[in-house]
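> Sequences and hints are given; from them, build the entire structure.
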Amino acid sequence: MPIGDRVDEIVELLREAELDETKWPAASALIDDTCGLQGNDLLLAGLHPLGGMDIKLRWLLLRGEPRPDLKRDYAENYAAIDERPAAVLREPFGKLVHTASLLPDGVRRTSPTYNEYLVPNAGENCLNVRMTATRDLQVAWSLVGPGGGHASDWRTDQIDAIRQLLPHVRQFVRVRHALADARADGMSTTALLDTRRIGILLLDREGRIVEANDHARILLARGEGMSDRQGHLVGVPPADIDRMAGLVDAACRKRRGGSMPIARPQRAPLVLYATPTDPAEVPPPLDRCVARILLAEPFAAPAVNAERLAAALGLTPAQARVAAALAAGGTAASIAAATHRTQAAVRWNIREALTRLGLSRQLDLVRVVLSTPGIFNERH
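Just so we're aligned: 114 in my numbering is position 114 of the sequence shown, and the numbers increase by one with no gaps anywhere.
Hints listed in this document are in silico derivations from the structure and should not be mistaken for laboratory results. Certain hints may be false.
[To be verified] Keeping only pairs whose Cα atoms sit at most 25 angstroms apart, straight-line, the calculated SDA-like set for lysine to any residue is:
hint : residue 1 : residue 2
1    : LYS23     : ARG255
2    : LYS254    : GLU16
3    : LYS95     : ASP157
4    : LYS254    : ASP278
5    : LYS23     : THR195
6    : LYS23     : HIS48
7    : LYS71     : ASP278
8    : LYS95     : LEU30
9    : LYS71     : ARG361
10   : LYS71     : ILE3
11   : LYS23     : GLU281
12   : LYS71     : ASP185
13   : LYS95     : PRO49
14   : LYS95     : THR132
15   : LYS71     : ASN115
16   : LYS71     : ASP8
17   : LYS71     : ALA345
18   : LYS95     : HIS48
19   : LYS71     : HIS232
20   : LYS71     : ALA328
21   : LYS95     : ILE3
22   : LYS254    : HIS232
Structure (structure tokens):
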């Protein structure tokens, strides 16, 4: 199959994976096969100028197979000392940089991350790239070539295919983050129409609004940054009119996804995510819809009462406090700083809470916490 056709197939899988994370392994495996990779490591994180990162979302797969052992090893032993985040911050957005170019010879000779983690797992022959996600978070993607290889081994057609995929991969991560932030992760298009946590609009080929959930209708009625003009979604500020029209047209007619911030007076900006959709995703009469618009607002996590949480889930007080902080949007690093504890101690409590509840991911722990009745402070 020509690479162009494979790229189109990957893009379709990425669109499905925006709402259904279980589609990502198939997309990841096809990316590996198309681009001649051993695997790829995709994450959303806050990158620290002095090194290290706060990881929000991460997908580490080799030929479509998840590697939780590698994720755990990195989180426990190398995340805080990894030199790559500081190095990649010096590179322009969207530039593919080989690991050998990212880390100078002197760093590679002495780096535990490079010698103990990357080299044994073929990471010395990676192409690395960062992309914008939100004001505070960035997408980092490492594409793993053959072990022991050299930068000159990467072919032009491989690099061209990767570059074509970059905006679509970034869109996948951004939408996954928006849904997780709104606690709407894992919902289908029709289920999103019933939620009040994130706005959703469905558009036909002409860009007309066919359906919208209540949250989206409230946002449109306010007229802050966008409005419904004769059935069409339009930008309000002059600077956004053409951009929003282009984004909607690209999704409805050209089958291209994209996103943009929407400024609002005296409110935090919205983010608009436009994605082409398969009409088969929704039942009639909505099957004439060809694009999905998500309107994401900054999500304010509810305040969890740690004592009630401990009683409800059978956690220790320390585990409950850490789980409550995670549900409020904290990271191991921020929780450690706020509680004057080490990150290792915080991570130990997270692992113990996961084990006690039979879970494997922090995201699953947050979901369990937020779905547990009776554990929120009264004002929520």
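> With reference to the structure, classify each hint as holding or not holding.
Results for each hint:
{"no.": "1", "hint": "LYS23 / ARG255", "result": "holds (19 angstroms)"}
{"no.": "2", "hint": "LYS254 / GLU16", "result": "holds (17 angstroms)"}
{"no.": "3", "hint": "LYS95 / ASP157", "result": "holds (16 angstroms)"}
{"no.": "4", "hint": "LYS254 / ASP278", "result": "holds (13 angstroms)"}
{"no.": "5", "hint": "LYS23 / THR195", "result": "holds (22 angstroms)"}
{"no.": "6", "hint": "LYS23 / HIS48", "result": "violated (30 angstroms)"}
{"no.": "7", "hint": "LYS71 / ASP278", "result": "violated (33 angstroms)"}
{"no.": "8", "hint": "LYS95 / LEU30", "result": "holds (22 angstroms)"}
{"no.": "9", "hint": "LYS71 / ARG361", "result": "holds (11 angstroms)"}
{"no.": "10", "hint": "LYS71 / ILE3", "result": "violated (30 angstroms)"}
{"no.": "11", "hint": "LYS23 / GLU281", "result": "holds (14 angstroms)"}
{"no.": "12", "hint": "LYS71 / ASP185", "result": "holds (21 angstroms)"}
{"no.": "13", "hint": "LYS95 / PRO49", "result": "holds (18 angstroms)"}
{"no.": "14", "hint": "LYS95 / THR132", "result": "holds (12 angstroms)"}
{"no.": "15", "hint": "LYS71 / ASN115", "result": "holds (16 angstroms)"}
{"no.": "16", "hint": "LYS71 / ASP8", "result": "violated (29 angstroms)"}
{"no.": "17", "hint": "LYS71 / ALA345", "result": "holds (18 angstroms)"}
{"no.": "18", "hint": "LYS95 / HIS48", "result": "holds (19 angstroms)"}
{"no.": "19", "hint": "LYS71 / HIS232", "result": "violated (44 angstroms)"}
{"no.": "20", "hint": "LYS71 / ALA328", "result": "holds (23 angstroms)"}
{"no.": "21", "hint": "LYS95 / ILE3", "result": "holds (21 angstroms)"}
{"no.": "22", "hint": "LYS254 / HIS232", "result": "holds (17 angstroms)"}
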